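K.L.:
Sequences listed follow chains A and B, in order.
Going by the working numbering, the residue at position 21 of the first sequence is 21; the numbering climbs one at a time, nothing skipped.
Going by the working numbering, the residue at position 84 of the second sequence is 84; the numbering climbs one at a time, nothing skipped.
Be aware that one or more of the hints could be misleading.
Calculated from the model, a selection of chain B residues having no Cβ within reach of chain A, i.e. all distances over 10 angstroms [claimed, not checked]: (1) Arg40; (2) Val55; (3) His58.
Quick look at which bits of chain B chain A covers, simulated, 3 or more residues with Cβ under 8 angstroms [unchecked claim]: (4) 2-16; (5) 64-78.
Since the hints were derived computationally from the structure, they do not count as laboratory data.
Bear in mind that the values here come from a model prediction, so they are computed numbers and not experimental data.
Backbone N, C-alpha and C define an ideal beta-carbon position, used for all residues, glycine too.
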Amino acid sequence: MRSWLYTPANTPSRMINAGIYGSDGVVFDLEDSIAPDQKDEARFLLEEMLPFIADDRQRQGILCRLAVRINGLDTAWWQADLSACLHAGVQLVRVPKVESQADVHRISAYLDQLEAELKLPQGTTKIQALLETPLAVEYAFLIASASARIVAFSFGAEDYCAALGLRRKEASLALDYPRSRIASAAAAFGLEAYDSVWGFLDDQAGLIEDAKRSRSLGFCGKSVIHPNQIKAINEVFSFSAQEVEEAQRIVEAVKLTSSGVLAEQGRMVDKPVVLWARRVLEGRTQ
Amino acid sequence: MDAVSAGAMQKGDVLVTISEPGCERTIEVRSTVQGLYGRRIEAVCKELLDDLHIVKGHFEVVDQQAFDCVIRARLRCAIARMGGLL
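Whole structure, please, built from the sequences with the hints as guidance.
P.N.:
This is the structure:
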C-alpha cells in the first residue's frame, strides 16, 4: 500500500469521492478532523455510508482499501468509534498514539468483545498502530509483537517533532532514527510501515524529498492529506522501470544456474539479492 | 428539550431538525430536488421512524441532494441527540 488518503468522516460528498483519486487506500478520520461535538454525527455517518461506499466501489471496480482512524485511548470516544466501525463492516482501524503493548492489549480485548457480540470471527478486525511519540518509537518492537491484529505501523512525525521541540520542516535528520526503528520493527514482524503525512500542501518538492527519504529507510508508503499528493507518492513508492528490468534479469539468470551465487552485469547475486528481485516482481516495496 | 439538529446545509448532505417531541409525528421535507425526490426522501424517513417505533415529534428535513444512507445517518443522530425521547 503506497498511499493512504485521509478523509474527514463527517462530509458525505468527500467520503463518497475519496476513492476516485488513485490512492491505494482511504482512511476515514474520526480523530483530528472531526470536532468534539460532531463525533456522534460522524459515527452514524460511517455506519450508514460505509456499506454503501463499499458496494459502490465494487460496482465501479475501484480497488481501494478502507480504514478508519479512531480517537485515541486517552479519549472518551475510542470505544464508541470501534463499535461504529464494526457495525459498518470495517475490518481495518488505525489507532493513534499507541505507546505500549498494554495499549494494544486494551484495544484487542475490546475488539474481542465486539466481534463476539456481532458474531464475527475472532481477530477479523486488524489494526494499523500509529506511532507518534518517542516512547512509542522506543517500544516499536514490543508493540509489533503484542497482537496478531497488528498489520501495519504508521508514523506520526508531527507529534514526534513536537515532543522533541522540533519544527517538522527542519527535522529531516532527527526523523531518520524513528523512521528506521519503526521500519525495522515492522519488518521483523512482516508488517507494512507507512510514513507520516506531509502537511505543506504547496511544497510538492518537499513532499517528494520527504517520501524518497522514508522509502530509503524502509517504508512502503505514506499517508496523504490531499488528492494532489497521491500521484507523487505512488510514483516514489513504486519500483522504477529500471528496477523491474534488473529484477527480471536476476530472476532469469538464477533459473539458468545451480550455483548459489552468480555474477550479473558485474554485480554479485546471492540469496538476498534474489529475494529483493522477487519482491520487485511482486510489486512489494517492503 | 426544544429542538435538536444533525447534518449540514452542504451539497450531498441533509439537515435534520427534530422539534415538538410531544406532538403527533409529522415529517416536513424541503429539497433542492423536491419534485424528483421529495416523496422518496419522506419515505426513507418514515421507514426509519417506523422501524424505531417513533410516533411523536416534528421532523424537518432540509435536503441538499443527499443519498438515502446520509439521510438515515443524520436522522438517527438527531434522534439520539434527542435522547430517543419521542
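K.L.:
If a hint holds in the structure, say so; if it doesn't, say that too.
P.N.:
Right, here's what the structure says about each hint:
Look at Arg40 (chain B): its CB is around 16 angstroms from the nearest CB on chain A, clear of 10 angstroms, so calling it non-interface holds up. No beta-carbon of chain A is positioned within 10 angstroms of the beta-carbon of Val55 (chain B); the least distance is around 21 angstroms. The claim that His58 (chain B) lies off the interface holds: its Cβ sits roughly 20 angstroms from the closest Cβ of chain A, which is beyond the 10 angstroms cut-off. With 6 residues having a beta carbon nearer than 8 angstroms to a beta carbon of chain A, the region 2-16 of chain B meets the requirement of three or more and the stated coverage holds.
Figure legend: the region 64-78 of chain B, annotated as covered by chain A; annotation consistent (9 residues with Cβ-Cβ distances under 8 angstroms, at least 3 required).
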